[in-house]
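A.B. asks: Following the hints, put chain B in place on chain A, whose structure we already have.
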Amino acid sequence: MKNKTVRMVNPDNFSNPETLLPLILNRIGYSPETISKPIHEKIKELITMGLKTIHIDYVEQTTQITSWGKSSITGKGIRIDSYKWSNLLHYLEVPELLNCFVVTLGKQLDQLIEEKRKDSLFDAYVLDALGSLMAEKAADQMETSISNRLSFENYEWSHRFSPGYCDWNLVTGQAAIFQFLHPETIEVTSMTSGMIIPEKSVSAVIIGAKKITTKSPCLFCKDQHCKYRRTN
Amino acid sequence: MNSDNTILQTLEESVFSKDIERVSLVVSRIDIQSYSPTEIINALSRGIEKAREYFKNGIFSIPDLLVAIDAYRHGINYLKEIAPKLMNQKTEDEKPRVVIGVVEGDVHDMGKNIVAAVLEASGYHVYDLGRNVPNETFLETIRSTKADILALSTMMSTPLANMRILIEMTKTTYPHTAIIVGGAPFDADLARRMGADGYAENAITAPDETNKLLISFASDKKLIK
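Protein chains in written order, with our numbering: chain A, 1 to 232; chain B, 233 to 457.
Just chain A, with the same shape it has in the complex:
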């Protein structure tokens, strides 16, 4: 089943440069207290300019889990080779569903960054930070929206996870998601290295089960220093 029913990014929350400004400042390492007025205004201007180029689109699909073993989860049309995430399934009650999605901000922002880079590294840096922030926000929104929708069908959901993180290989993971979803339909492609084009795009999977007490394998993982370690 292919869905296009996710409620996407709420413009009220994400299209206001004033709301985004402190988040961007934090991301690029500027303190709001020390920033000069011209720079402050310049960043706001860039946020406004960048937002105009963002056209969020996505493709997502939910499939049944058919089996899982020690190091992989198999669904109809996709296999996820991850020891840690398949191990998590042993702690879930009746794991039944996989939801995969790819969300993108579109190619115009990439083009704007490239164009700006020629004249101003500062402008390109701010726009790049805006793109990273917005891509993350869009993926958060996808995760929340999919979880909410499927909770009506009495499923609980894991955190989202992406190829290249945890022990899921970037190259094979990206290939699995792209073969399953065909995000070329929304003009998103993957390089053989696993890199997604447009750059500000996210691919991810979430697991659905009747009861989920822990949303990621982090609790069982021995890598205490992992910077992506979650607390639940």
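Just to be clear, a hint being listed does not mean it is correct.
Below, computed lysine-lysine pairings styled on DSSO-like, alpha-carbon distance capped at 30 Å [as the list claims (entries may be wrong)]:
1) K118(A) - K282(B)
2) K42(A) - K403(B)
3) K118(A) - K288(B)
4) K42(A) - K52(A)
5) K118(A) - K444(B)
6) K378(B) - K118(A)
7) K116(A) - K52(A)
8) K312(B) - K282(B)
9) K107(A) - K137(A)
10) K403(B) - K227(A)
11) K107(A) - K211(A)
12) K44(A) - K282(B)
13) K282(B) - K37(A)
14) K137(A) - K222(A)
15) K44(A) - K327(B)
16) K116(A) - K211(A)
17) K227(A) - K288(B)
18) K288(B) - K42(A)
19) K282(B) - K42(A)
20) K116(A) - K282(B)
21) K378(B) - K403(B)
22) K37(A) - K288(B)
23) K44(A) - K137(A)
24) K76(A) - K211(A)
25) K403(B) - K327(B)
26) K403(B) - K222(A)
27) K116(A) - K403(B)
28) K70(A) - K403(B)
29) K116(A) - K312(B)
If you want the ones that stay clear, here's a sample from chain A, every Cβ over 10 Å from chain B, calculated [stated by the list, open to error]:
30) S31
31) Q61
32) F122
Derived DEER-like restraints, expressed as beta-carbon distance ranges [as the list claims (entries may be wrong)]:
33) K211(A) - M401(B): 29 to 37 Å
34) K227(A) - R396(B): 19 to 27 Å
35) A175(A) - N434(B): 27 to 35 Å
36) D119(A) - P366(B): 21 to 29 Å
37) G362(B) - Q108(A): 13 to 21 Å
38) T369(B) - K227(A): 16 to 24 Å
39) E184(A) - E326(B): 31 to 39 Å
40) K70(A) - G355(B): 50 to 58 Å
Keep in mind that the hints were calculated from the coordinates and are not lab data. C-beta: ideal position from N, C-alpha, C; glycine also.
C.D. replies: Below, chain B alone, put in the same frame as chain A:
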């Protein structure tokens, strides 16, 4: 040449005080008959050097440094516009040559762009090949430019295998070209195991590492053992 360097000092200050408009204004007021292009470029570069010092001492953040680099580039571009003949090939030929790019398979180029700009402002002649660059393009450019330094970047681990091949080919074919690497997957140990001669921990200190590499290569010693 002119012994009154006030205007050059003002130019230098305008760069490290991140005042792009003032850089344009000062450059436009410089009498190009009284100052050599090298003197003017050196003043702009001293501004960047001071900005880098500020960054190292925690006074500047990365965006501050980028505004200073933008100011520097404004000055250089203005000079190229008003006095293209003065920005002659000889000036460029005297500089050490760096070929830089993001290796094939990766398009993350923000760090590489900053390194390229900082190196240029620090007196290098930079040949920026962009991103997702095939090995053959790197090798051909090293040949055609007689590069002193090959600077390779990636933010991903998947292009590392191909990058190792490029490093090996460069060392075999162009043994006098020093190789420096940088990007998220690297530390000094991985850089060494990949066969690189140097490792740039971050974009701002890249010129320091590159300078050391040039000196060590001249004395036939590797920077990372």
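A.B. asks: Taking the hints in turn, state whether each one holds.
C.D. replies: Now the hints, each set against the structure:
no.	hint	verdict
1	K118(A) - K282(B)	holds (23 Å)
2	K42(A) - K403(B)	violated (45 Å)
3	K118(A) - K288(B)	holds (26 Å)
4	K42(A) - K52(A)	holds (16 Å)
5	K118(A) - K444(B)	holds (29 Å)
6	K378(B) - K118(A)	holds (25 Å)
7	K116(A) - K52(A)	holds (15 Å)
8	K312(B) - K282(B)	holds (23 Å)
9	K107(A) - K137(A)	holds (17 Å)
10	K403(B) - K227(A)	violated (35 Å)
11	K107(A) - K211(A)	violated (39 Å)
12	K44(A) - K282(B)	holds (28 Å)
13	K282(B) - K37(A)	holds (23 Å)
14	K137(A) - K222(A)	holds (29 Å)
15	K44(A) - K327(B)	violated (39 Å)
16	K116(A) - K211(A)	violated (48 Å)
17	K227(A) - K288(B)	holds (25 Å)
18	K288(B) - K42(A)	holds (25 Å)
19	K282(B) - K42(A)	holds (23 Å)
20	K116(A) - K282(B)	holds (25 Å)
21	K378(B) - K403(B)	holds (14 Å)
22	K37(A) - K288(B)	holds (24 Å)
23	K44(A) - K137(A)	holds (18 Å)
24	K76(A) - K211(A)	holds (21 Å)
25	K403(B) - K327(B)	holds (22 Å)
26	K403(B) - K222(A)	violated (39 Å)
27	K116(A) - K403(B)	violated (35 Å)
28	K70(A) - K403(B)	violated (43 Å)
29	K116(A) - K312(B)	holds (20 Å)
30	S31	violated (8 Å)
31	Q61	holds (25 Å)
32	F122	violated (4 Å)
33	K211(A) - M401(B): 29 to 37 Å	violated (55 Å)
34	K227(A) - R396(B): 19 to 27 Å	holds (25 Å)
35	A175(A) - N434(B): 27 to 35 Å	holds (32 Å)
36	D119(A) - P366(B): 21 to 29 Å	holds (27 Å)
37	G362(B) - Q108(A): 13 to 21 Å	holds (19 Å)
38	T369(B) - K227(A): 16 to 24 Å	violated (34 Å)
39	E184(A) - E326(B): 31 to 39 Å	violated (49 Å)
40	K70(A) - G355(B): 50 to 58 Å	holds (57 Å)
When held up to the earlier numbered hints, the structure conflicts with 2, 10, 11, 15, 16, 26, 27, 28, 30, 32, 33, 38, 39 and fits the remainder.
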